[in-house]
Structure formats: C-alpha cells, structure tokens
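Peer 1: As a plain string of letters, each chain reads:
Number of protein chains: 2
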Amino acid sequence: MGDLFPFIEGGVTAAKGFKAAGEHLGIRKNRSKRDVALIVSDAPCSAACCYTRNLVQGAPIAVTRAHVADGHARAIICNSGNANTCNANGVEIAEGMCALVEKYTGVPAGDVVVASTGVIGQPMSLEPFEKGMKKLAAGLDENGGHHAAKAIMTTDTVAKEVAVEFTIGGKLCHLGGISKGSGMIHPNMATMLCFITTDVAIAPACLQAALSDVVKDTFDMLSIDGDTSTNDMVTVLANGLAGNEEITADGANFATFKAALYQVCAKLCRIMAKDGEGATKLLTCTVTGAKDKPTAKLVAKGVICSTLLKAAVFGADANWGRVLCAIGYSGADVDVSKIDVQFISPAGVVSVCTGGSGVPFSEEDAKKVLSEDEIDVSVQLNAGNAQAVAWGCDLTYDYVKINGDYRT
Amino acid sequence: MGDLFPFIEGGVTAAKGFKAAGEHLGIRKNRSKRDVALIVSDAPCSAACCYTRNLVQGAPIAVTRAHVADGHARAIICNSGNANTCNANGVEIAEGMCALVEKYTGVPAGDVVVASTGVIGQPMSLEPFEKGMKKLAAGLDENGGHHAAKAIMTTDTVAKEVAVEFTIGGKLCHLGGISKGSGMIHPNMATMLCFITTDVAIAPACLQAALSDVVKDTFDMLSIDGDTSTNDMVTVLANGLAGNEEITADGANFATFKAALYQVCAKLCRIMAKDGEGATKLLTCTVTGAKDKPTAKLVAKGVICSTLLKAAVFGADANWGRVLCAIGYSGADVDVSKIDVQFISPAGVVSVCTGGSGVPFSEEDAKKVLSEDEIDVSVQLNAGNAQAVAWGCDLTYDYVKINGDYRT
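The listed protein sequences derive, respectively, from chains Y and W.
Position 297 of the first sequence, counting from 1, maps to 297 under the working numbering, and the rest follow consecutively.
Position 44 of the second sequence, counting from 1, maps to 44 under the working numbering, and the rest follow consecutively.
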C-alpha cells in the first residue's frame with residue numbers, strides 16, 4: 001500500500017479548470033471562520049457520489065442525489081456550522097443554496113452538489129447565502145482550494161488537502177481532494193465530507209464504479225467514534241480537461257485512475273484519523289494472513305473501534321489483551337490460537353502476543369513505541385493471504401471536552 | 001416496569017442456605033482489597049448460566065461450561081485482578097481453583113462455577129489460592145454476601161448487591177445477586193459478572209429458560225463502552241430450600257419467579273450503568289410505540305451506545321440531533337418523520353423533537369433537566385405498541401483516565 005504517484009500542491013484546485021473559494025457568510029457567529037465553500041469547474045463534469053447509510057439524512061443529501069442522478073454536475077457548495085438536518089424546511093434551503101450558485105456563477109442549479117455540516121436540528125436561514133453568495137462567487141480562484149478546505153472545517157484543527165499527478169495515455173492528469181472530519185465518523189459508506197476534483201476524462205458509470213470501490217477500502221475503514229453521521233458524502237467531479245481518451249471501461253487506464261483515487265482517499269483517511277476529535281495519535285490496524293478480505297476488514301475495524309484500546313493507546317499502555325478482546329467480538333470468524341500481535345511505531349516493534357497467548361516483552365520498550373504519535377497494531381491471523389488496513393485515533397480527555405459542549 | 005416485589009438486604013446470601021465469603025488472597029498487590037469470592041450452598045442446586053458471545057473467552061468460561069453441563073452446581077469461586085484469559089495454562093489454573101474449593105468445602109470440583117475478571121493475558125499462578133483457600137472457606141458466612149460483592153469488584157466504586165422476596169405457592173422465597181462492572185460492557189449476551197442465588201425449587205431447564213429470557217431484556221441492554229468482555233458470565237444457583245413445589249414447567253409460578261429474576265437483574269443493570277467507568281450519570285433510553293420488540297431494542301441500544309450523545313449528556317448539552325442520528329444508524333427500520341424525543345429527569349421533562357423535526361425549547365430548562373444524575377431519553381416511534389429500555393452512562397474525562405492506564 002505504498003504511494004505510487006507523487007503528491008502535489010493545490011488540493012481541490014490542483015486539477016485543470018477548477019476554481020474554488022471559501023468565505024465567512026455568517027452561518028457561524030465567529031467572523032474569522034470561513035463557513036461556506038464553493039467549487040466550480042470551467043467545463044461540464046462526470047459526477048459520482050457516495051452517501052452516508054444513516055437512515056436519518058440531511059436535506060442536502062436528498063437534493064444532491066436528485067442533481068447527480070444524470071451522472072453530471074459542475075459545482076459544489078458546502079457550508080459548515082449547521083447540518084441542515086431534521087429541519088422542516090431543509091430541502092427548500094438546500095435548493096435555495098443551489099439556485100444562488102446558479103444566479104452568481106451561471107452553473108445550472110440542477111448541476112450543483114450541495115452539502116452541509118454542523119449541528120443537527122438547528123433552524124437554518126437562507127439569508128446569509130443571499131447576502132454573501134455574490135462575494136463568494138467573485139472570489140473563485142484557481143488557487144482557492146485552501147480557502148475551500150478551511151471553510152468546510154468543523155472541529156478539525158487542520159485543513160485537509162491532498163493531490164497527486166499521474167499520466168493516462170501520455171496525458172498529465174491531476175486528482176485532488178479536500179475533506180473534513182473530525183467527529184461522528186464511523187465506517188459505514190462514505191464518512192465525513194470529501195470533495196474530489198480531477199481533470200481526467202472518464203464516463204460517469206466508470207467514475208461511480210471507481211469511487212464506490214475505493215470508498216470500501218478507505219472511508220469505510222475509518223472510525224473516530226463509532227457514530228455514523230447523517231450528512232456524510234464523498235463527491236468526485238471529473239471535467240476531462242487533461243485531454244486523455246475518455247475512460248469508458250475497465251482496463252489499464254481505469255486501474256491507473258483508481259489507484260490515484262485510492263492514494264488520495266487513503267491519505268485523507270490518515271490525515272482525518274490523526275486529526276480526530278481530541279486525538280493525539282493516529283491508530284492504524286494492519287491485518288495480514290486473513291482467510292479472506294471481509295475477515296481482514298472486520299478484524300481491522302474491530303480493533304480501531306475499541307474504546308478501551310483507544311484509551312490505552314492514549315495512555316501508551318501496551319494492554320494487548322484489549323486487541324484480542326476486540327478481535328473476539330468483531331464478528332470475524334478467526335482461530336484465536338493462531339493470532340500474533342505486534343505494536344509498531346517509528347520507535348520500533350514490540351511483539352506482545354503469539355499464537356493467541358501473551359509473550360514476555362519489555363514494558364519500557366513498549367512504552368517507547370506507544371509514546372509515538374503514529375501507532376500501528378499489526379495483527380497476523382496466519383490463516384491465508386488476505387489483508388486490510390483501518391484508521392482511527394486514540395480516545396482522550398479532549399474528545400470528551402469537545403463533545404460535552406459542542407452545541408452551546 | 002415498576003418494581004413488583006419488596007427489596008431486602010443480604011444480596012447473594014439473602015436466600016436460605018447460602019453462605020459466602022470474600023478475602024484478599026494475593027491476586028492483587030493491594031492488601032486492603034478483597035480479591036477472591038466464594039459462594040456455597042448447603043444443598044445441591046439447579047444451575048443456569050449465560051456467557052459472553054466474544055470469540056475470545058477466558059479459561060474459566062470453558063471450565064464452568066463443563067461443570068454445569070448437567071444442570072447442577074453448588075459453589076461459585078471468583079477472583080478479580082486477573083482475567084485468566086489468553087494464558088497458555090489457563091484451564092489448568094481454573095480447574096485448580098475448583099479442586100481447592102472441593103478440598104476445603106467438600107463441594108465436588110465438578111459442581112463448582114469458576115470465574116475470573118481483570119487484565120487479559122497476564123500470567124496467573126495458583127499459589128495464592130493454595131495458600132489462602134483454607135482461610136476463605138473458613139470465613140463462609142450466611143451474612144457474607146457483602147464481602148463476596150466487594151471481592152469481585154474491579155474498577156467498580158460501589159459493591160453491587162440486590163435481593164427481593166416473594167411467595168410461590170404460599171412459601172416465602174428469596175432471590176438475590178451480586179455483580180461487578182464497570183468497563184468492557186456491551187449488550188451481547190450476559191455482560192460483566194453476576195452471581196445470583198435463590199431458595200426457590202426449580203428444575204434446571206426452567207431455570208435456564210428464565211435466565212436466558214431475562215438476560216435478553218436486562219444485561220443484553222446494558223452498555224458502558226461498546227466493548228464486549230471475554231469473561232462475562234451470569235450464573236443462577238437455586239437450592240430449593242424455600243420448600244415450594246418444584247417449578248417444572250411454564251405457568252403462574254414460573255412467571256412469578258421470572259418476574260423476581262427480572263427485577264433483580266434490571267436493578268443490577270441500573271446500578272452497574274450508574275457506576276460505569278468514570279460515569280457521573282445513569283443514562284437510560286426508553287423506547288415506546290415501536291412496531292415490534294426487536295425494533296424497540298435496536299433503537300434503545302443505539303441511543304445509549306452513542307459516544308457523542310454520552311459526551312453531550314456529561315456536558316448537560318441538549319444535543320438531541322445526536323439521538324436522531326443514533327436512531328438512524330441503529331439498524332432499526334423506523335419512520336424518522338414520526339419520531340418524538342423528550343429528555344426526562346427528576347428535574348422535569350423537555351420535549352426537543354416532534355415528528356422528526358426540532359421544536360423550540362428553553363435551553364435553561366434543558367440544562368436543568370440534564371444536570372441531574374439520572375437522565376432518561378424517551379423516544380416515541382408512533383408506529384405500534386412495542387417497547388424496550390436500555391441502560392448506559394455518560395462519557396467522561398475519568399473514563400479516559402481510568403482506561404489510559406488500567407494495566408500498569
């Protein structure tokens with residue numbers, strides 16, 4: 001799972017023909033916090049989306065589903081500070097946001113992807129958009145990706161931007177994205193908000209197939225707190241300005257595109273997990289030797305979701321019994337007596353369990369390994385060749401603090 | 001779900017013919033902490049057990065399964081401080097504990113229920129039992145229930161004992177239990193350790209049927225942190241000394257017995273939830289108006305398991321959107337647009353959501369209601385007559401503190 005392609009600057013405006021902006025329009029009280037992002041393509045785009053599987057879904061999800069039903073879109077509008085969910089007039093407001101994008105950018109409302117993130121069930125008004133959309137649209141810039149990344153942040157402490165470049169059929173292509181965490185994240189379809197743009201020419205059905213596949217191995221394998229949000233969405237817009245022959249079927253070009261998409265999404269997962277609410281450490285679980293992929297995934301997700309393990313990792317306590325315990329209730333069909341467990345970090349490797357039983361290890365070494373800020377729990381099931389990775393973080397005092405008083 | 005029978009003192013020694021003891025034998029370093037409990041019946045007992053569904057199970061579970069396979073047992077031995085799980089010689093040690101019970105009490109080793117709780121994967125020795133079992137057995141007392149309750153405590157802050165009295169066929173009967181939490185608790189079969197004794201005469205098959213049914217509505221509906229332990233077990237011993245005609249089939253007497261068992265288990269759930277690791281508040285979710293019982297249970301469990309809601313309750317923040325969100329991902333098939341939500345506590349009732357959308361409420365009143373130490377989230381689904389209740393607690397700084405350094 002090494003990185004195939006070079007990372008580049010630019011995030012969501014790294015690809016040709018995309019402009020972005022992020023401004024404070026007044027959804028949030030804090031004037032220094034940008035709260036609305038706008039992303040627009042110069043040319044029509046193939047569009048693909050994955051949505052939260054929560055039964056309770058924000059009004060923007062319903063509106064976006066309708067707008068991308070034809071496989072095309074050209075702009076994305078997203079606010080933070082209010083989820084526009086469980087509001088009686090939510091659809092009206094989401095439609096209104098799209099209409100204002102049309103008014104000030106010329107992109108038809110039916111080609112606009114709309115998203116909201118923030119508190120659920122708070123009244124929301126269209127007024128800030130009516131007043132500020134003109135300014136937002138005027139700020140669209142081919143270097144505006146960073147402002148857009150900042151505007152979609154909620155409790156995130158860092159803006160999240162990743163982009164890569166690669167070639168398809170001799171043409172230089174770009175693919176980049178922005179995302180926001182950092183709580184209410186749990187593997188269940190796309191988690192959190194993520195907007196990706198690319199200049200690759202690709203048919204809508206292929207774009208959707210690539211996204212749906214990649215999401216299963218990336219955003220579905222990311223958990224901060226076990227809560228699946230109501231507003232999660234991953235969107236990819238592909239405008240074809242790289243000039244490659246349009247990808248219309250499986251094959252080498254499709255594989256290259258998917259690899260680039262995977263690399264960007266996996267990197268965003270790492271960044272989001274490390275910036276999980278209150279997190280001090282990135283916690284990954286790498287499972288190898290599974291009899292099949294579903295088993296590997298169940299085990300990896302079970303481990304990174306364990307509240308007790310997350311707290312132990314915060315305390316740099318090598319409580320590996322909690323790893324075994326989590327595997328045991330993960331729902332995976334595994335032979336416990338074959339399991340080996342190691343804790344790995346830049347400070348070294350500590351073997352703690354072999355064949356399902358504890359092995360002696362140096363508490364001092366373990367403390368050193370677990371005191372780093374990127375910890376991998378390596379689980380070898382010794383039952384086959386399938387593998388999986390999942391991303392999470394430690395559970396800290398600050399998670400409780402942030403979420404004990406998020407709304408007021 | 002009101003209480004049908006009067007609560008009495010005595011816990012696990014409230015029923016006739018049961019003696020108990022709890023001593024420090026040296027499993028734990030802290031000499032002032034009792035760490036082994038012993039419970040013995042004067043007469044042979046029908047026995048029933050429910051076990052954790054974790055694939056990783058402590059050695060004592062395997063030994064107990066074998067010992068109660070014939071539906072009978074007469075004694076219970078349980079240590080805290082070491083889970084005797086993921087140890088290569090675990091079964092040997094658990095068998096050794098039972099043999100020592102036989103040596104000093106005369107109860108055959110094959111009639112002994114054995115349990116352990118504490119850190120997983122730590123080496124364990126039989127030596128403290130060899131040295132101390134004589135003293136423990138000598139201390140068996142018909143008022144010893146409280147010492148036994150103290151000896152099984154781990155991170156619990158209070159000993160957990162409940163007993164009731166009731167009549168069957170004109171005979172006065174007693175049923176009481178002790179249990180220990182308080183972390184690694186999640187609805188999935190029996191959670192935590194719970195030992196119940198009764199002087200009712202009841203056939204083993206009826207006893208198991210009653211326990212299995214009651215567990216589904218009590219311990220299965222209790223979650224502290226989403227982690228299902230490897231060592232959970234609920235055991236009931238019934239020695240028949242109340243002198244009632246033996247219950248051998250469904251009917252009025254069986255119903256009375258089951259109601260008493262439910263009352264004790266439900267009360268223990270409340271006590272355990274309120275004493276959950278780091279908890280400052282008991283959080284219950286009462287679901288009414290469900291189309292069927294499984295739906296009601298899924299919703300109730302989903303709500304009390306939400307990490308985000310638990311943190312909000314700690315902060316007395318009426319973030320009801322998290323209730324809707326949790327219902328949405330609970331897996332229950334519900335019509336979101338019909339859901340009403342209220343927060344209820346001794347300080348009053350606050351309606352926050354009607355028909356799936358927010359309603360205006362006083363933040364001041366909500367703060368007052370949520371500042372109490374027992375909070376009920378009342379969810380009305382308006383889709384039928386089924387109902388369920390689940391028990392949990394808030395998520396606090398202290399949970400993180402306790403679990404960041406539990407082992408060392």
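Calculated from the structure, these hints are not laboratory results.
Just to be clear, a hint being listed does not mean it is correct.
The calculated DSBU-like cross-link candidates involving lysine-lysine, where the alpha carbons are at most 30 Å apart (straight line), are [what the hints assert, rightly or not]: (1) Y/Lys367 to W/Lys33; (2) W/Lys216 to W/Lys258; (3) W/Lys401 to Y/Lys401; (4) W/Lys368 to Y/Lys29; (5) W/Lys368 to Y/Lys367.
A partial selection of chain Y residues facing chain W, derived with a Cβ cut-off under 7 Å [stated by the list, open to error]: (6) Asn54; (7) Val56; (8) Ala88; (9) Ile120; (10) Ala249; (11) Gly251; (12) Ala252; (13) Leu324; (14) Val359; (15) Tyr397.
Beyond 10 Å from chain Y on every Cβ pair, some chain W residues (computed) [what the hints assert, rightly or not]: (16) Ala62; (17) Gly71; (18) Glu95; (19) Lys134; (20) Asp141; (21) Phe166; (22) Gly243; (23) Asp317; (24) Ala332; (25) Thr396; (26) Lys401.
Where a beta carbon is used, it is the ideal one built from N, C-alpha and C, also for glycine.
Peer 1: Look at each hint and say if it fits the structure.
Peer 2: Hints and how they fare:
no.	hint	result
1	Y/Lys367 to W/Lys33	holds, 28 Å
2	W/Lys216 to W/Lys258	holds, 12 Å
3	W/Lys401 to Y/Lys401	holds, 13 Å
4	W/Lys368 to Y/Lys29	holds, 25 Å
5	W/Lys368 to Y/Lys367	violated, 43 Å
6	Asn54	holds, 4 Å
7	Val56	holds, 3 Å
8	Ala88	holds, 5 Å
9	Ile120	holds, 3 Å
10	Ala249	violated, 35 Å
11	Gly251	violated, 37 Å
12	Ala252	violated, 38 Å
13	Leu324	holds, 5 Å
14	Val359	violated, 9 Å
15	Tyr397	holds, 5 Å
16	Ala62	holds, 12 Å
17	Gly71	holds, 27 Å
18	Glu95	holds, 18 Å
19	Lys134	holds, 30 Å
20	Asp141	holds, 34 Å
21	Phe166	holds, 36 Å
22	Gly243	holds, 43 Å
23	Asp317	violated, 5 Å
24	Ala332	violated, 8 Å
25	Thr396	violated, 6 Å
26	Lys401	violated, 7 Å
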